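> What follows is each chain in one-letter form.
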Amino acid sequence: MLFSIQKKISRRNFLTTSLTVSFPVITSWLLSSPSLASEEWKKHLRNMTADMKPVEGKVSIELPDIASHGNSVPVRILVDNPMTTESYIDNITLLSNRAVDPLLAEFELSPLNGKAEVSTYIKLDKDQEIMALAKTNNGKFFLGRRLAQVKPSREF
Amino acid sequence: MLPRPQILIPESARAGDVIEIKTLITHTPEQPEKQVKSADTNTADRYIRDFTVEFEGTQLFHAKLTSKVSSNPYISFYMKAVKTGDLIFTWQENSGRSWTTKHHIKVS
Numbered sequence: 001m002l003f004s005i006q007k008k009i010s011r012r013n014f015l016t017t018s019l020t021v022s023f024p025v026i027t028s029w030l031l032s033s034p035s036l037a038s039e040e041w042k043k044h045l046r047n048m049t050a051d052m053k054p055v056e057g058k059v060s061i062e063l064p065d066i067a068s069h070g071n072s073v074p075v076r077i078l079v080d081n082p083m084t085t086e087s088y089i090d091n092i093t094l095l096s097n098r099a100v101d102p103l104l105a106e107f108e109l110s111p112l113n114g115k116a117e118v119s120t121y122i123k124l125d126k127d128q129e130i131m132a133l134a135k136t137n138n139g140k141f142f143l144g145r146r147l148a149q150v151k152p153s154r155e156f
Numbered sequence: 001m002l003p004r005p006q007i008l009i010p011e012s013a014r015a016g017d018v019i020e021i022k023t024l025i026t027h028t029p030e031q032p033e034k035q036v037k038s039a040d041t042n043t044a045d046r047y048i049r050d051f052t053v054e055f056e057g058t059q060l061f062h063a064k065l066t067s068k069v070s071s072n073p074y075i076s077f078y079m080k081a082v083k084t085g086d087l088i089f090t091w092q093e094n095s096g097r098s099w100t101t102k103h104h105i106k107v108s
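So the sequence lines, in the order shown, correspond to chains A and B. Mapping to the numbering used here: the first sequence position 121 is 121, numbers consecutive. Mapping to the numbering used here: the second sequence position 89 is 89, numbers consecutive.
Don't read these hints as lab results, they were simulated from the structure. It cannot be assumed that every hint is accurate.
[Stated by the list, open to error] Derived pair list, reagent style DSSO-like, types lysine-lysine, alpha-carbon separation capped at 27 angstroms:
id, chain 1, residue 1, chain 2, residue 2
1, B, Lys-106, A, Lys-115
2, A, Lys-151, A, Lys-126
3, A, Lys-43, A, Lys-151
4, B, Lys-106, A, Lys-58
5, A, Lys-123, B, Lys-64
6, B, Lys-68, A, Lys-115
7, A, Lys-115, A, Lys-43
8, B, Lys-102, A, Lys-115
Predicted, not measured: the structure shown is a model, and the values here were computed from it.
Make a model of the complete structure from these sequences and hints.
Have a look at this one:
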């Protein structure tokens, strides 16, 4: 099975595969970490999606495996959705589960962008889960999540 | 130091090309000894709150940022090249101050 995976490996395939493989690990991590499953966090997500359940698997978040400097961590968000006048991503919201106010940044897009992809640098004071919630012009939601790890700094 | 905007974009593109636009604003808060406490915000608490890009009067991209984005915000996004025109980039600080820069793109 591993061989068949390696044969058709591409960047996107690799992301999907690594997500699938690491899924049980992430799930157990989610369950073991009470802050992630907090009611407050779930409530926040429900408010943002107007109680609609977001579809997972279409949003990729690229981050370094372990960031060396917490004050400037590169993050790239890619949404697997066309950008045509019929169907496009009109909003991508970047969130963190660790902050009191989970919002990191929010991006407004339109078919003029041609591609639903944005990148920026964020501050990460400690390990946390980063989520990207993408909304389509038809009101559908896609959710991507990714663990962000930061190398402990000697300065602190 | 005054904030300095930087744009990295192809000088020209073919119609239909999807090009990446990279932006950076050097926006380092002043050193603590230089801080001036004003009624609204301490200079160290200042951050870029809004970033807007317009192409020929139409909004192409908008970002709402928080203090959790790096102090010198780098933002990249894409644009589908359709016609020749001007891009206007505007950054706004949470204090209300803003900076604008223009970039011309040639589309053939």
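> For a quick check of understanding: which of the numbered hints are violated here, in increasing order?
The structure conflicts with hints 3, 4 and 7, although it agrees with all the remaining ones.
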